[in-house]
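Construct the complete structure from the given sequences, taking the supplied hints into account.
Protein chains: 2
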Amino acid sequence: MLNRFCKKPLYEVTRTLARVAMGEEKAELVIQNARLVNVCTAEIQEGVDVAITEGRIALVGDAAHCVGEHTVVIDAAGQYIAPGFMDAHIHVESSMITVGEYARAVVPRGTTGIFMDPHEICNVCGPDGVRAMIEDAKRSPLKAMSNVPSCVPAVAGFEDTGSRIGPEEVREMMAWDGVMGLGEMMNFPGVLAADAAIHGELAETLKADQVITGHYSVPDIGAGLNAYIASGVRCCHESTRAVDVLEKMRHGMYALMRYGSAWHDMPVIIRAILDNHIDDRFACLISDDTHPDTLIEDGHMDHIVRCAVREGLDPIKAVQYVTINPATCFRMDHELGSITPGKCADIVFFDDLKDVRVTRTIIDGEVVAENGKMTVEIGKSAFPSACYDTMHVGHPITAESFRIAAPAGKDSVKARVIEIIPNRVGNYERLLDLSVKNGFAEADPAQDVMKMAVFERHHATGTTGRGFVKGFGFRKGAMAQTVAHDAHNLLVAGTNDEDMALAANTLIACGGGLCAVADGTVLAQVPLPIAGLMNDLPVEEMAELVGRLSAAWREMGCTINSPYMTMALIPLACLPELRLTNRGLVDCRSFRFTELFAD
Amino acid sequence: MLNRFCKKPLYEVTRTLARVAMGEEKAELVIQNARLVNVCTAEIQEGVDVAITEGRIALVGDAAHCVGEHTVVIDAAGQYIAPGFMDAHIHVESSMITVGEYARAVVPRGTTGIFMDPHEICNVCGPDGVRAMIEDAKRSPLKAMSNVPSCVPAVAGFEDTGSRIGPEEVREMMAWDGVMGLGEMMNFPGVLAADAAIHGELAETLKADQVITGHYSVPDIGAGLNAYIASGVRCCHESTRAVDVLEKMRHGMYALMRYGSAWHDMPVIIRAILDNHIDDRFACLISDDTHPDTLIEDGHMDHIVRCAVREGLDPIKAVQYVTINPATCFRMDHELGSITPGKCADIVFFDDLKDVRVTRTIIDGEVVAENGKMTVEIGKSAFPSACYDTMHVGHPITAESFRIAAPAGKDSVKARVIEIIPNRVGNYERLLDLSVKNGFAEADPAQDVMKMAVFERHHATGTTGRGFVKGFGFRKGAMAQTVAHDAHNLLVAGTNDEDMALAANTLIACGGGLCAVADGTVLAQVPLPIAGLMNDLPVEEMAELVGRLSAAWREMGCTINSPYMTMALIPLACLPELRLTNRGLVDCRSFRFTELFAD
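Taken in order, these protein sequences are the chains called P and S.
Whatever position you read off the first sequence (first residue = 1), add 613 for the numbering used here.
Whatever position you read off the second sequence (first residue = 1), add 613 for the numbering used here.
Since the hints were derived computationally from the structure, they do not count as laboratory data.
Here the structure is a predicted model, which means the values were calculated and not measured.
Any given hint might turn out to be false.
Just so you have them, the derived chain P footprint on chain S, three or more residues with Cβ under 8 Å [to be verified]:
#1 673-679
#2 824-837
#3 951-961
Here are the simulated lysine-lysine pairs, PhoX-like style, with alpha carbons at most 25 Å apart [as the list claims (entries may be wrong)]:
#4 820(S) to 621(P)
#5 930(P) to 930(S)
#6 621(S) to 639(S)
#7 621(S) to 820(P)
#8 993(S) to 967(S)
#9 986(P) to 1027(P)
Glycine included, each C-beta is placed from N, C-alpha and C at the ideal position.
Shown next, in the form of C-alpha cells:
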C-alpha cells in the first residue's frame, strides 16, 4: 500500500537518498556506532551507522562519508537500535485519552506506529468520529494508521448506536488518507454464514487492496476458521489457546498475540512458538486495549516485548514481532518495520536487549522523545464540537426511571439475572428470586444483585433496557458509565434508584464518562466529554481520575479487578450468555430477546 | 497489489469459499490425504485435505464435509503437496520460445507463476512487444506476470534499438492488466548518480504501488548498494559472492539466487545462508535465462530446488524460496505462494522432498499437467505481424560490407581486439597486430582473430560497427545472430567476408535468428522470426535446432560452452571492457567510443 504516514513519499526523495548514500550530499542525521537489531536477518550487528535524510534511511553501515558540517550526529555509543515498535491492533479509546495524548504516552516508550481501530467512537459519532481520530493523530509524530470499523453496530438488531457502517461506508472510507485496512471483523458468524452485507464490507476492502483484520474468538479451528480466513481475513488477535495461534499461522493468518491491561493471553498462547520449532513470520504482539494506568506504570509495546522475553522468547524475535512482522501483515514492509535503506527512519534506542527500556525515539528522522519524555511539542486536541455533544437521552432521568414493574399480584418474582465472571468476558444467566415492593421488583444486596438500566443516548429514542446484575459485590450506591461496548449507551447499575438517577444525571451533565455514587453523593467521576469515551486531559491526570474511581468502587464493596471493564461489556451482545442493551435482555446463545421474568 | 492472475478475484468469491469451508456448498475439487509442505510455518503436515472452489482454496485440514456428489476427489495417497513454484526473475526470450510454449515446458515441472522481464522483445518492438508477450501468455494457464522493462536501450547513446522506454512509458504501462513491477534496473550507475530519467522511472513505479526489481552487479556493497536500495529497489539477482547475498538481505533486499543455463551462481552464493544462522525470509531462487535444452533436460524451478537441496539447503526452505518468499517480495503473498484459505489453488504434487520431481500441477484449481505433460490444451501463438517483421537493415549486405579500411599506406595495423572469456560475462581489450591487404585490415585465424560487424536492423539507419574478436577458436566460416544483447541488432563474426555476408543474409531472409556458415554453405540455422528472438515451434524442436547449431560451431572449431550466449553479450555496452555496437567500438571502462586502430 502507498504510505501516507511519512515525511515524504519515497518517490519524491530517491535521488536525494542516493546522493546521500554516495556521499555527494551530506545527511541530515547520522547515528554512529550502534548495535543494530537487524530484523531482516535476525542478527545483532555491531558498530553500525545509519545515515538519514528527508525522514528516510539513506544508508546502513559505515556512514563516515555522509557526515557534513550541518549533519546532526548522534553517538549511540554501543546502544542497541531497533526499528520503532508497532501495535498491529489497538483501540485508543480504551485508554480514555485522545490520540495525541496517547502518542505522548507511548512514543517515549518506543511506539512509532499503531494500527488503530476506532470502532468505539464510530459507534457514537460515525465516520466523522473516525475522521476526528485521524485528524487528532496528526498533532503528534506517531503514525496512527486507522482501520475502518467493520462492525457498527456490533450486533445489528439488538441495540441502537449513534451510527452504522455498511459496505458503502467502507467503500468511501477506504479512500481516506489516514486509513489502512478494515477493523476487526467481529461478526464472524456473519462471515461464516456468508452474510451479504458483511461480505460486502470484505469485498470493498479487498477491492481497495487493503488488509482485513480479524476477530475470531471461538474454539472451532476447523471449518469455521478456514471459512473465516478464506474470506480474506489476514490477521486475528482473539487467540486464547496455543493451538489457536498455531492453526492460524499454519493457515497463513497473522497471529496477533494479545497482552492488554485486562486480557493477558500472550503468556499462554506464545507456547505455540516456544514449544514448536516453526517459522514464526506470522507472529505479532499487540495490546488491543490498554488502560491509562497501564500506559504509565508498565508501558506499551516495550512492556509487551519485555513480558514475551520473560516468557522465554528470543529477544530478536520479540522485536521482529513488533516491527517487520506487523509491517508485512499490513503489506507495508517496504516502508516501515526495518532499519534498511529507503524506509522511514523510525528508530528506538535501548541498552539491554533482554530488558528493553527505550531511551530515545526517532520518527521520520527526528528525535521525538528522550528519557521517557517527548522532545517535540504536541499541540492541543481539536475534536469537532459534535464529538462533545453526544448525550442525547431525550427525557429526564429520575428515580422512577429505574422502576421495574413486576407481573401483577406477585410478592416475589423469578428473574433472569446476569452474573458476571471476574477477569473474563463471558457471563452466566442465573434464575433468582427477587422480592416485589409496591409492584416493583427490587435489587437485593444480600444476594449481591443490583438493578441495571441501559438508556439509549444517541438519538433520544427513549428506549431503555432494564434488568439485574450479580457479582460486583456492591453493598451500597450506584455506578454509571457511557463506556458500554460497543454502542456506548448510558449504562447504570446500583443498589437503589436514587443513587442510580444521580449517577446517570452526573454523566449527562458532564458529557459522558464514568462515575460512582453513594448515599446521594458523587464519590468519584471520570468525565469523558469526547463521545462519552475520551478526555483530552494528560494521561497522568486520567490515570489519577481512574484510580480515584477504582478506590470509590472498592469503598462501595467491589473488590474485583478492572470492574469498569467488566461492567462495560455487559451490553455487548456478541458475548455469552446474557446481555442487556437499550432494547432489552438478549439471550446470546440463541441471539433472541428474552423476558426478564421467568414466571 | 491486486491480483489479476487468477480465475476470479477473491472479492467475488468470499461467500462461496465460506460456504464451501462450512460444508454448506460442496467443493469443486478436494485433494485428500496429502503431506503438506507448509511454507508458512516451515513444517510438514501429514494427512491433510484441501478443498478448492472457484480456483481458490476454501479449506486446508479435514475436508470430508466439503465432498459432494459432483466433487472431483484426488487421492494424494501420501504424496507431498506444495504451493506452485514461482520464478521471480526470468527472461522468456532467452529460451527462444514463445510464452505459451515456455508454459508448456515449465508447468509440468511445477512452475505456476513467473515474473518475466520481457526486455529483449521491448528493445526490438517496444511496448507493443511487451503487450504481445502478455497476450501470448494468456493461452496457457501459467501466471506470467510481466515487469515493465526499465532499461531500453540498456546503455543510452551507444547503440540503436527498436524502441526506448522512459518514465512516461513506465507510467502508462504500470496500469496494464498483465503488469507487475518494474524490470531489472540495470542502469545502476544512473541510479547511484541520481539520474533524473532513471529516477523518474523508479518514481512512476513507486507511485503505482509496484515493486522495483534490481540488477546490481558490482562489488561495492557499501555506499553503492545502499544508494541503490534506498532508491526503492526491492530485489536483485546479480549476486556472485556469498557476501553480496548476505548484505542484500541484511539491507532488506530480496536476494534472488540465480541458477540459469549459463550462469551458475547459486552454489557459491547460497553459502551466505548455509554458513550463517540467519532469518532467510529474503531469499529466493530464480533462473534469469534458460536455454531450451536446459528446460527439457533439467527442468526449471524444480531443477533449481533440487540443486539447492544438493548444496545442503533444507528442502522446506528451498520450497519457501520459490513460493512464499517470491510472493512476499512482490507483495502478493495474500494471493499466491502458500496452500492456505483464500489463495489461488496453485499446487504441485511430488514423492520425494529431497529430490523434487513434480507429477501433477494444479493452477487455479484445475489439473493442468500430469506426469510431465500438459493435460490442457495450449492454443496457437498469435503474435502480431509487426513482431514478425523486424529485420530492417535497409541496405544490401555483401562481402564488401565487411571490409575494414586500414589507415592509408600501412602494411599492418595495431587493432583494439575484443577477447572473450569463456563462461564469463566480462571480456578484455587486446592490442594486436593485424595484416593489411589491398588497404583493408584482415582477420587472422592463426591468432584466433575474427572480423565482426554489427548492423543496425530496426530503423534502417545504415549504421554499422566493425571490429575484431578473439577467442572463439573458429578455423573457418562465419556465424550471425540477432540475439545480440540488448539492442538485438544483426551481429556477424567470421573468418572471411563471403561467409559473413551469407550468414547475415540468411538471417535477413528468415526474419532473424542464429546461423552458422562455412565454405559458402549454411551449416545450421535457428530461425527466430518473432522479433529475431523467438520461434513458435515446440521447445523440443527448438532444442534440437540449437543442438545442431552447437554441433556446427564445434565443427568450425569452437569448443567453448554456450558460444552463442557469449557472442550475444559482445554488444552489451554495460559490461567490461570493450564492446562493439552498431555505432562502433565502446570502451566500457570510460564509457566512451574508441578507435579501432591504436596507431
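**Asked** At a Cβ distance under 8 Å, does chain P reach at least three residues of the region 951-961 of chain S?
**Response** Three-residue rule met by the region 951-961 of chain S, so holds; n is 5.
**Message:** For a C-alpha distance cap of 25 Å, please report whether residue 621(S) and residue 639(S) respect it.
**Reply:** 18 Å, holds
**Message:** Against the 25 Å threshold, does the CA-CA distance of residue 986(P) and residue 1027(P) hold or violate the hint?
**Reply:** 56 Å, violated
**Request:** Could you grab the alpha-carbon distance between residue 993(S) and residue 967(S) and see if it respects the 25 Å cut-off?
**Result:** 36 Å, violated
**Message:** Against the 25 Å threshold, does the CA-CA distance of residue 621(S) and residue 820(P) hold or violate the hint?
**Reply:** Given that 25 Å is the threshold and the Cα spacing comes to 12 Å, the pair holds.
**Prompt:** Taking a Cβ-Cβ distance under 8 Å as contact, does the region 673-679 of chain S have three or more residues in contact with chain P?
**Reply:** With 4 residues closer than 8 Å to chain P, the region 673-679 of chain S meets the three-residue bar; holds.
**Prompt:** Is it true that the CA of residue 820(S) sits at most 25 Å from the CA of residue 621(P)?
**Reply:** Cα-Cα ~12 Å, so holds.
**Asked** Within the region 824-837 of chain S, is the number of residues with a Cβ closer than 8 Å to a Cβ of chain P three or more?
**Response** Satisfied; 4 residues make the cut.
**Request:** Starting from residue 930(P), check that the Cα of residue 930(S) is at most 25 Å away, please.
**Result:** 19 Å, holds
In summary, the structure is inconsistent with hints 8, 9 from the numbered list given earlier, while agreeing with the others.
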